[in-house]
Structure formats: structure tokens, C-alpha cells
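**Q** Please build the complete structure, drawing on both the sequences and the hints.
Single-letter residue listing:
There are 2 protein chains.
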Amino acid sequence: MIKLGILGYGNLGRGVENAVKINPDTELCAIFTRRNPSDVKVNSNTKVVSVDEIEEWKNKIDVLILCGGSAVDLPVQTPKYAKLFNVIDSFDTHAKIPEHYKNVDTSAKSASKTAIISVGWDPGLFSLNRMYANAILPDGCDYTFWGRGVSQGHSDAIRRIEGVKDARQYTVPVEEALIQARSGKNPQLTTRQKHKRECYVVLKEGADAKRVESEIVNMPNYFADYDTTVNFISEEELKKNHSAIPHGGFVLRSGKTSPNTNHIIEYSLKLDSNPEFTSSVLIAYARAALRLNKEGVYGCKTVFDVAPAYLSPKTNEELISTML
Amino acid sequence: MIKLGILGYGNLGRGVENAVKINPDTELCAIFTRRNPSDVKVNSNTKVVSVDEIEEWKNKIDVLILCGGSAVDLPVQTPKYAKLFNVIDSFDTHAKIPEHYKNVDTSAKSASKTAIISVGWDPGLFSLNRMYANAILPDGCDYTFWGRGVSQGHSDAIRRIEGVKDARQYTVPVEEALIQARSGKNPQLTTRQKHKRECYVVLKEGADAKRVESEIVNMPNYFADYDTTVNFISEEELKKNHSAIPHGGFVLRSGKTSPNTNHIIEYSLKLDSNPEFTSSVLIAYARAALRLNKEGVYGCKTVFDVAPAYLSPKTNEELISTML
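Here the protein sequences line up with chains A and B, keeping their order. Numbering of the first sequence is given in the numbering used here, commencing with residue 6 and proceeding in unit increments. Numbering of the second sequence is given in the numbering used here, commencing with residue 6 and proceeding in unit increments.
Just so you know, these hints were derived from the structure itself, not from any lab. Hints may contain errors.
Where chains are identical, the list cannot tell them apart; a pair therefore holds if satisfied intra-copy or between any two copies.
Said to hold, decoys possible - Below, a list of computed lysine-lysine pairs in the BS3-like style, where the Cα atoms sit at most 27 Å apart: (1) Lys209 <-> Lys319; (2) Lys299 <-> Lys114; (3) Lys26 <-> Lys261; (4) Lys319 <-> Lys261; (5) Lys299 <-> Lys107; (6) Lys275 <-> Lys190; (7) Lys261 <-> Lys245; (8) Lys85 <-> Lys244; (9) Lys215 <-> Lys190; (10) Lys275 <-> Lys199; (11) Lys190 <-> Lys26; (12) Lys215 <-> Lys26; (13) Lys114 <-> Lys88; (14) Lys319 <-> Lys107; (15) Lys101 <-> Lys244; (16) Lys261 <-> Lys8.
**A** This is the structure in C-alpha cells:
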């Protein structure tokens, strides 16, 4: 049994708690929280423990899964806890990964621990598919499309506008752009051509819908470069039709092996729940982290460094006879 | 530079010769043949060498890529040459892989060489995607669809029928079955529901078309379990419209993380040339074999055992900053 701990009990933490139930070689030993443990109601019989006591669990847990946010939590937590545990995180601030990698690597090596960072689907499975496809088709073009799915960051940006009570934003890949990417003609596609943004907004009483719409569609970085549609709906409708957190997307590489010979490699995900799926990826890599650690492979790793077989509970013989 | 050799100069051998040109960290040092070397015309300046002299190249080649067939050539060649070289093959007789693995492993270990077997797209990239998807979604169903593409084995089977001058068979996934597999309802699909077979046949003069058609559609294993259409065409039309060797397919896993939460992972390939693409996969794994060998990892490996980063000519830092 792989003994797991969770630090942070939001959507992702609940997802990991849930994923343990469908992975019979894993057990969840503790959920660590910065809150008062008695205030945290969990969906299993798992012990809730104050993070102040985490060091006492040093030898009781094989892998600690860090379920905090990339902005503030993980840059501190992953290097810190890699000195005590094998750790997995889903750090997704792409530009800061090299720095994060270095910090985690130093910590993990100092304690002979194994850390795998930026695990999930993007970064994570999408990264893997970009990498495999580039290694196989060196002469080609990459395309990544996200959606249809809820973007938490864009939903939050709308919620910060005056007069907005609640909001949900969907990132939607443009079908025509997908068709072009699959055509083998290797087109250059602009931001606007690739994705559109759909917003569902609940207004506060008396708020000016015209002004709110204008502030959304003109918001720099978030919406100004996209075709954005804004739908005003009631709070009831938002709860009823927009409470799920679906996501997904497409990674394509289109490349030539000779002048008139093109190939398309496409990977896609259609996820009913972004956090539940991400959690399942985290569990698979937790399995890998423990195995690597047992083999004496210490320090910080990414999905690129982990041989696929390490993710599976099956033996080498089973994998060869059933999956190869 | 990675020094490569090829044994066998058919479609696959020519594909590897071609792929070396778009992989600047590789060079092709020799093409080994069982034929008289002066009878083999190649598409590069590569030296053609009789296989009888292959042992002299023991220290001049980093990886030997075996481009023979799975039925007769590879079961003998891969174990034999793994005693002299690091080797890659595309052995694809699924049922016999465990036995082949064992033979190659013994040979390679005895000589401190590294062998990677069953490399290509199925087995190969499709296997990887089945494995990753199963590790992430343990509770689900797998679907593999092949095509639209030319099946060499089925084309050969038609050619063996009396009265047939030439033939080309396409394996075609049934669109409705793909839609069902993607629905999240995890349907059971029969052989007939998943694929249909399209045959283009050139008859010898005076041959009985009715009899030939009947022999094709009723042929056990190859056609009897499928909806098969037979089109009789002229030799000119076959040459003009059916001389390419496209292929591809789809690997799907549909799985749940909780009772009402389903996810679809889909991987697909659309290949203008099956042998050119397969060759590109072989080159990437040749790069990996050499690296593993330099690290002292000996014996027989499959795609499951190879960390993705080993396939890429990029450094770890480049991979993290550009692909993660």
C-alpha cells in the first residue's frame, strides 16, 4: 500500500481523496490543513491534522501530495516539504517552472527525497504529448487548444468587476481553427482565431449591464484579444447549469517526414471534472515518485523524466501482455 | 552524432534512411543487406554492406535498427544482433512479444547492450497511450481503432486468391462506433461494429469476379467478421490512386473518477506514410537506447521503460522551458 498525505483541502484535495478510492494500492493517511482541523469536514474517514504537526508524520507517509495554489502556496510549500517527504505538486505557472524546479531539486536532494512537479494535464499530459510528438516529428508545428472548459482565473477576473455578483467563464476552442490545424497545411493561427470566450454573469441588483459587458470584453490580457460573448443570467440558472467544472483540450503536432508526406499526432481530453481528473494524474505520479525514491533516484523530476511503467500498478509482465 | 546502421532495406529501411535526414544529431553509417550489396540501390550516399560483414562494424555503430519482418526475420535477428549492437526493432506479433522479449533480454544482457523492442505506433505510441490512460483512469474501458489505412497483411491475403493480379485493402474505422466510444457510455463494441474493410482488386484476364468477391468476403479471420466491400478496378487505377501507404487510428479510454463523472482520453494518428512515420519513431528510440546504454541500463526494454526525455535531442532545461 502506498501511504499518501494531502496538504490543502480545496477542489484538488477533495479530488485526491476521491481518487484514492479507485486506486486500491493507495491509502490516504492524513489530510493536513492550515485551518483548525475540527472545522474541516472531509468526505472519508481520513484524519485531519494541523499542518503544524506535519513533521511528526515524516515516517508515516510515503508521498505528500501538495494541493495548494501555484501563485502563493506551492513556491513555498514544495521546496519546504521536499525536505521531509517525497512530494508531488501541480505547479502551473509556466514561466516560473525553471526557478521552482531548482528550489525543489536542492531541497529534495538534501534529504534524499523524490519530488515530481507540474503534474496534471497542462502542464502534465499535454506537455508529454508535445514532447513525444516533437521528438518523433522534428519538422513541424505545434498547436494547443484548451476547452471547452471553465477557466477559474477568467471567472475570478469577471467577479472583480463592480456590479458582478457571480460569474463563470468558458474557454472554447474555435472549430474552424481545429480543422485548419488538422489539415496538414501548418497554418499560423492568432489568439483570436484559436479560442473564444463565453461568459455567464449574475449582476448585483441595480448594476449597469452595458457597462459590465463593456468592461469584460475590453479587459486587457483576459478578454480584449478574443471574441467574447457575455450572457446575463439569474443566480438560480448559474447554480443549475454552470456549477460543474468541466475542461479539456487538444494538443496537435503536424509534421513532415519528406516534402509531400505529412502526419498529424493529436491528443485530446474531455473532462467532466478538471480537479477530479488532475487528482487522478497526481496519484499515478505519486506511485512513480515512491518507486523512484526506492531506486535511489532523488531530487526534482518532471513528467519528462518518469518512465511510463512507473505510473502503473501492473507488473512489467502484465503491461507487456495486456497493453503493448 | 548518433551512428546508426540499418539491417534490411524495404519500406521501413528506406523510411529510416529518410528520417536520418531530418534528425541532425543522427548519421547513417551503413545499410546491411542479405542481398548482393551491388544490387541494392539506395537513396543516400550510405555504404551498402553484406550482412556477412556486420561483425566488423561492432565498434563503428551506436545503434542498429532492425527493419525486417516480424514473422521470420526479427525473432532471429534481434536476439542475434543484440549480442553485437544496441538494437531497436518494431516486432509487432502481439502474442509472441513476451517470448521475444525474453530472448532479446538474455542476449543484450550477456553483451552489456541495450535493446528496445516493439517500437512504432502499434505496438509503440498506441501502447504508451493505453498504458498512461489506464494508470490515470483505472475504472474504464479501452478502445483501439485502426485506419483509415492500408493493411499489408489483408492486401497480401487477397493477392493469394486465384485470379487476382493485385490488390489493396483499407481498414476503416466505423464513424458511428467512434462516436459511441466517445460518448462516455462505455459501450461494448463488436469487431463488425468497429471496423469495415474496403478492397480494391485488379483481376487477371478471364478471372471470375463473382467467385473472387465471394472468396474475399467469406475469408475467415481476415474478412468474414467484417462488412467488406470489394471494388474491381484497372491496374492503372490501382497505381494512380492506391500506391500510397497511409494509416493511423485512434486510442480511447473512457473512465469514471466518481459515479457521474466521466473523462475521455483520446490519442489519434493520421499518417500519410505508415513506414515513414514508423521510422521516425524508431529513430527517436534509437537515441534513447544509446543514452540508456551509456548509463549502464542493459537488456531488453519496451516503450514503457523509457522516460520520455530520452527520446528528445533537447536538454532537460530546454524541455522544461519550451514544452512543459
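**Q** Of the numbered hints stated earlier in the document, which are not met by this structure?
**A** Violated hints: 1, 8, 9, 12, 15; rest satisfied.
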